[in-house]
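There are 2 protein chains.
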Amino acid sequence: MAHVPQWVRDLKPSGPQGSEILAQERDGSAVNVEQLKTFLFGQEALQRKQKVLKVLQSEKVFEKSQDYFEGRTDKFERALARAKKLRQLTVKHGWNDTEQRAANDLISEPLPYGLHEGMYLKTLRDQGTPEQHEKYLKHAEAYQHIGCYAQTELGHGSNVRGLETTATWNSDDKTFTIHSPHLTASKWWIGSLGKMANHASVMAQLIIDGKSYGPHPFVVQIRDLKTHELLPNVYAGDIGPKFGYNTMDNGFLLFNHVKVPHVAMLARFSAVDPKTNRYLKPSSPTLVYGTLTWVRSTIVLQSGSVLARGVTIATRYLAVRRQFQDRDAPEWQLGENQTLNYTMVQIRLLPLLATCFALHFTGKGMMALYEANQKKMSQRSSKDQQELRGAGPEETQSGSDLLADLHGTSCGLKSLCSQTAAEGLEACRRAMGGHGYSAFSGVGHWFLDYVPTCTWEGDNYMLTQQVARYLLKSARSVLKGNEPNNDTTEILAHYLKRQDVGAAFDILGKDEDIVAAYAWRSAYFIFEALRQRDELKQSWNSLLVQFYKLSRAHSQYLVVKNFYETLQSPSISSELDPETLTLLHKLFRLYALHTLESESSEFFTSSACTVSQIRLARTKAVMQLLEEIRPHAIRLVDSWDFPDFQLNSSLGRYDGKVYEDMFYRASELNPLNRITVDPYPESATLFKKDESRNLKGKL
Amino acid sequence: MAHVPQWVRDLKPSGPQGSEILAQERDGSAVNVEQLKTFLFGQEALQRKQKVLKVLQSEKVFEKSQDYFEGRTDKFERALARAKKLRQLTVKHGWNDTEQRAANDLISEPLPYGLHEGMYLKTLRDQGTPEQHEKYLKHAEAYQHIGCYAQTELGHGSNVRGLETTATWNSDDKTFTIHSPHLTASKWWIGSLGKMANHASVMAQLIIDGKSYGPHPFVVQIRDLKTHELLPNVYAGDIGPKFGYNTMDNGFLLFNHVKVPHVAMLARFSAVDPKTNRYLKPSSPTLVYGTLTWVRSTIVLQSGSVLARGVTIATRYLAVRRQFQDRDAPEWQLGENQTLNYTMVQIRLLPLLATCFALHFTGKGMMALYEANQKKMSQRSSKDQQELRGAGPEETQSGSDLLADLHGTSCGLKSLCSQTAAEGLEACRRAMGGHGYSAFSGVGHWFLDYVPTCTWEGDNYMLTQQVARYLLKSARSVLKGNEPNNDTTEILAHYLKRQDVGAAFDILGKDEDIVAAYAWRSAYFIFEALRQRDELKQSWNSLLVQFYKLSRAHSQYLVVKNFYETLQSPSISSELDPETLTLLHKLFRLYALHTLESESSEFFTSSACTVSQIRLARTKAVMQLLEEIRPHAIRLVDSWDFPDFQLNSSLGRYDGKVYEDMFYRASELNPLNRITVDPYPESATLFKKDESRNLKGKL
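Keeping their order, the protein sequence lines are chains L and C. Letter by letter, the first sequence follows residues 1 to 699 of UniProt numbering. Letter by letter, the second sequence follows residues 1 to 699 of UniProt numbering.
Take the hints with a grain of salt, since some may be wrong.
To be verified - No farther apart than 30 angstroms at their CA atoms in a straight line, the calculated lysine-lysine pairs in the DSBU-like style are these: (1) K49(L) <-> K473(L); (2) K51(C) <-> K122(C); (3) K60(C) <-> K688(L); (4) K12(C) <-> K689(L); (5) K549(C) <-> K620(L); (6) K211(C) <-> K135(L); (7) K12(L) <-> K211(C); (8) K226(L) <-> K60(L); (9) K688(L) <-> K549(C); (10) K688(C) <-> K510(L); (11) K620(C) <-> K537(L); (12) K51(C) <-> K657(C); (13) K12(L) <-> K259(C); (14) K138(C) <-> K689(L); (15) K689(C) <-> K60(L); (16) K473(L) <-> K620(C); (17) K259(L) <-> K689(C); (18) K259(L) <-> K549(C); (19) K211(L) <-> K12(C).
What the hints assert, rightly or not - From the derived model, a few chain L residues whose C-beta atoms are all more than 12 angstroms from chain C: (20) S108; (21) R125; (22) E134; (23) W188; (24) I208; (25) P261; (26) L301; (27) G434; (28) A493; (29) R498; (30) G502.
Everything labelled a hint here was simulated from the structure, so no lab data went into it. Heads up, the beta-carbon is just placed ideally off N, CA and C, and yes, glycines get one too.
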């Protein structure tokens, strides 16, 4: 089978060739790809990517041709080899964090050191004392300790306060006993734990003298540093295959009365005083809290590129793919139509293309907000810090408005943006028809590896309660007559001023009115929810669905606003050609009007738009925008700058050689084609010949 | 690792136990599960399932414990073993088609004989002459020939007329030459072809004397009957891994001028006369056409059960899962709340539960329509048959109205129902939070194996053009003043009569008014689209998005109508207890009002409802229904009668032992836990110990 006959090798796809089509597409648009690329990511990041890419491509282990064929164990084995090599290269080339992240993006699969690097090191750094840095961090940074962050349990995910693992203080010998009282206390889903870690940062209920003080982090060794076997009274392993993310060894972990020394409790913010045996209160929970906000902001920042990867693949393939003639085409127009020319394909794909830009600019805005707040926070007086002490995010007072704003914004946007990216990827895959189902499309596995983002770092539905709490609090403040002190309170105050006059937004005529309509709809539903909670005294549980919609509405407003403001930046006309800038304006309108239409009932209900405006948006404006953006689709996706190495996709190849690549992978790379079956039901033999098993060694 | 320490074995989940919770749920509802089961499926089918289940469970090869761990080749090997065993059992027990289908449902994975049984045999039976039955069908039925149905190509899927493979008639030696002129002519996605088939029914462009007569089916042998090696000038293999469906050997196939005899062209409906070398026209394309309709009707019929499987798993798990306390709960109410009690979970899950019933009853309605039409068709005079000759479905005249109605209905419902089921499954998976990502949830792989249904047998988006064509034609007929002769023309005529009076539907008060509101919205958009096409002369391409929405609107009307009519059946009160029947009425309202709300902008625009009605539906009626249905959720899913064997799910276990099963599969069945890694980046060793490879033999 490995032998492909010459007559097969001589075959070409029927013309025109994919490469010709994409070349023509690129000729037909004046979008300045280099400029737009630089506008999106900056020169520095683009160069960094090229540098790292060159190194990775010279290493055989990063060659991806077998990735789609492997079972779980082989997949993990290869990922382990890659993780090791990547670490060696990082040391060799002296790569910093940003360069390492660039390499991870290019490799594009979760690697088994991921949680050691992402969470174990971070927890030690942020929450450890100098003594603990010496004892644990030093070894972890040298990869002598491989660690993980063991928080969620079989029985508890979102509800961290409900964790069952205990850490009981033994005042006699100044130790803690880490214990799993039930099966549901088993740590679960912990990345890098299943096979890799010899240490874990374990979140456990601190118990002193019979009293519980809530979850705290403890460093526990779980495997022997030499044999890598489990230590006595520790039981851990991999939790098994998953929907995606199978190159990661997500693990479980149980303890049977394991003693750890006093130093094991990470003590930067709270501790047990070994002399008095008393608990020392956390000095600033808001700092810890800031970590989660940072993680969520990063998710928002990445969502645009995550989606752009699927959109790039689908757009290129659907330009190359030709099917049917246009029904109304004149007779002289021979040949089949590019599928990207059908409006039903455009309406599924081009708004997603616009969404990539919307999410990307929102991510940048979110990061800027985060950094501005970090700066202000660190400038705050110690008096302010005192005020914060002991207060959770929902109860923070005026002194911490900034933090509350950042928290609400990051929760809402994390929920909306990750959801949008995940669902968009699946829409891209399905828009590609039959070939979208092939692993070689490169979109399926990318979706599967990404979709857990909807659930981790705060479940996308759960998070909307945090957003609602923040919005209701803002509305209460405005109703009390407090001066608006941020964007949220400003749009609420504006709404109150105008509510007896009503809205009159020219959504089809003016871009700023689109933003205003989104703000109006958000404010309307915030006050509506407030009325139900505060006046009608409806139960929290009965309002959850409304809270979800509220969070979505407000976050969509933020996305539209961020996109709009990016285009208003004074320097933009010096960075982009007029054609490219005009096109970005069209993408803004496409995102905003298409989203408005799909949420139209809320825009009606809040009287932010009329029925007639929505109908016009749907039947005229959006269709017109599709037509205007269509010729630039290929150049627009080129601007996202995904190397073929990263995409690992037959359908998304830059050169358009879609069919040749599909065929090559199926016929020559596919291990199943190295077996010959015995197809008859009565015979007990399954395989007459099997050369697939020794394939691994050969490649 | 295989050794689980005793202290781990002794652990139990923290209380209350899943089994206690589910028992309590079942005690708390009076739904008569046995009755409802029988109402849904009939006594006969339920007994058949139990009989077949018993046989399958006694065979080791059908034991599913390793299914989630395997790579592609192992997966396929196991599926092959199962396919053979199933065939042997079918022969041994003399199972008929229905029993075989029941077995396939229980095994729940695509088996490699699937397309031999589903399509090759059917094509030979339907399109072969008696001579061809003797030459091909006989051997195929005896599994000496294993066949496949080779239609789609690398370059062509939906557009069958564009296929590139040619079958050129050689008048000199009375043979056909089958040839693949380009790489894109390669047959692709063909089930049972990659490894299994030794014969293929190949769709190829018939060419006689330089003239093309369109695609026709030819039987071609492709592999040696003894060695199973490819025959000369044939190149075929497996197309590689896919998003799902990996137990099937979807294949590719190329021909290099392969000669086949005259008898190879399936000649029941059209043929080449070997004496005159002339083409003999098809006598009745509508019969062939009926096959596709039957396949689509089957998809509609199955969609309810397909979705119910995910809903069953999610409902049971979310009843067992407890997380957080209710914020407004009184202090004395200790412990965490069942996640199924949160309205945000209910709104995602319970409308899907209602949807299962809606789809199931619609599927039954669709099948009844199909059978009624088959009966009428066969009663038709030969004069009618003559009329049909040579006419495609879109141009059929009044004599074939029935067929057009059936075609439009089956296309629209196939598109809506498969989309709804696929998206619903993913919603179920995601509603389960973190554990939904585990393969052991049993929903992920089920979704992946099902989702191609959205694309095959007519892409869900493409199909809506067929529906629109049918609806526009119906509207033209009504406008001409023709008497309504079916439900579609009736609702259109009714709309015309009332359009100057407007609608006044009491959707919250009367069930029949809900149905009427759906009919009104559909009729409104049909006439709207007709105006744009016929009066404003808009291009077909510019209307595709509207056509899609139109098809969706009309199909949703059909679903609501079918559900409503099922509940109006005179015998129903003798079949179901009053409580159970009342609950079905509530499920009807939940499906109809929830769908209405999510499509509300179309109901506004068409003036079928007021803004205020929709708001009330959303904030009152739907929330009230969730509360009323919630206590019966477990019994309602029990009624779908899925044995644990079929579900193969930790989270969906009938007995609620969710955590025990997750833990057992992860710790004891998971091959990755039979390896010990070397975790340090500098060391070249990956695995210190690897006992996973010989696991296969052991199990």
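Evaluated hints:
About 43 angstroms separates the Cα atoms of K49(L) and K473(L), which puts this hinted pair outside 30 angstroms; it is violated. Pair hint K51(C) plus K122(C) holds up; C-alpha atoms about 27 angstroms apart against a cutoff of 30 angstroms. Distance hint between K60(C) and K688(L) is fulfilled; the C-alpha atoms sit about 22 angstroms from each other, no more than 30 angstroms. With a CA separation close to 47 angstroms, the supplied pair K12(C) and K689(L) exceeds the 30 angstroms bound.
A C-alpha spacing of about 16 angstroms is found between K549(C) and K620(L), which places the hinted pair at or below 30 angstroms, so the restraint holds. At most 30 angstroms may separate the alpha-carbon atoms for a hinted pair to count; K211(C) and K135(L) exceed this at roughly 83 angstroms. At roughly 24 angstroms between alpha-carbon atoms, K12(L) and K211(C) fall within 30 angstroms of each other, so this suggested pair holds. Taken as a hint, the K226(L) and K60(L) pair is honoured in the structure, with Cα atoms around 29 angstroms apart against an allowance of 30 angstroms.
The suggested pairing of K688(L) with K549(C) is violated, with an alpha-carbon distance near 52 angstroms, which exceeds 30 angstroms. Distance check on the hinted pair: K688(C) and K510(L) sit about 66 angstroms apart at the alpha-carbon level, beyond 30 angstroms; violated. Simply put, K620(C) and K537(L) have alpha-carbon atoms about 15 angstroms apart, close enough for the 30 angstroms limit, and the pair holds. As the CA atoms of K51(C) and K657(C) are separated by approximately 26 angstroms, the hinted pair is consistent with the 30 angstroms bound.
Distance restraint check for K12(L) and K259(C): the Cα-Cα separation of roughly 22 angstroms lies within the 30 angstroms cut-off, and the hinted pair is therefore satisfied. As the CA atoms of K138(C) and K689(L) are separated by approximately 28 angstroms, the hinted pair is consistent with the 30 angstroms bound. A distance of roughly 24 angstroms separates the Cα atoms of K689(C) and K60(L); the hinted pair therefore holds under the 30 angstroms criterion. For the given pair, K473(L) sits about 25 angstroms from K620(C) by alpha-carbon distance, which is consistent with the 30 angstroms threshold.
Among the hinted pairs, K259(L) with K689(C) is consistent with the structure: their alpha-carbon atoms are about 28 angstroms apart, no more than 30 angstroms. In summary, the hint linking K259(L) to K549(C) is not supported, as the alpha carbons are separated by about 64 angstroms, beyond the 30 angstroms threshold. The suggested pairing of K211(L) with K12(C) holds, with an alpha-carbon distance near 24 angstroms, which does not exceed 30 angstroms. Every CB of chain C lies more than 12 angstroms from the CB of S108(L), the least distance being 17 angstroms, so the non-interface label holds.
Against the 12 angstroms criterion, R125(L) stays outside the reach of chain C, whose nearest CB is about 20 angstroms from its own CB. Taking the minimum C-beta to C-beta distance to chain C, about 21 angstroms, the non-interface status of E134(L) holds against the 12 angstroms cut. At the 12 angstroms boundary, the C-beta of W188(L) falls inside the reach of chain C, the nearest C-beta of that chain being 8 angstroms off. No Cβ of chain C approaches the Cβ of I208(L) within 12 angstroms, the least distance being about 22 angstroms, so the stated non-interface status holds.
Against the 12 angstroms criterion, P261(L) stays outside the reach of chain C, whose nearest CB is about 22 angstroms from its own CB. Taking the minimum C-beta to C-beta distance to chain C, about 23 angstroms, the non-interface status of L301(L) holds against the 12 angstroms cut. Non-interface status of G434(L) relative to chain C is broken: a Cβ of that chain comes within 12 angstroms, the nearest being about 5 angstroms off. The claim that A493(L) lies off the interface holds: its Cβ sits roughly 25 angstroms from the closest Cβ of chain C, which is beyond the 12 angstroms cut-off.
Residue-level check passed: R498(L) sits 20 angstroms from the nearest beta carbon of chain C, beyond 12 angstroms. Residue-level check passed: G502(L) sits 15 angstroms from the nearest beta carbon of chain C, beyond 12 angstroms.
Of the numbered hints stated above, those contradicted by the structure are hints 1, 4, 6, 9, 10, 18, 23 and 27, listed in ascending order.
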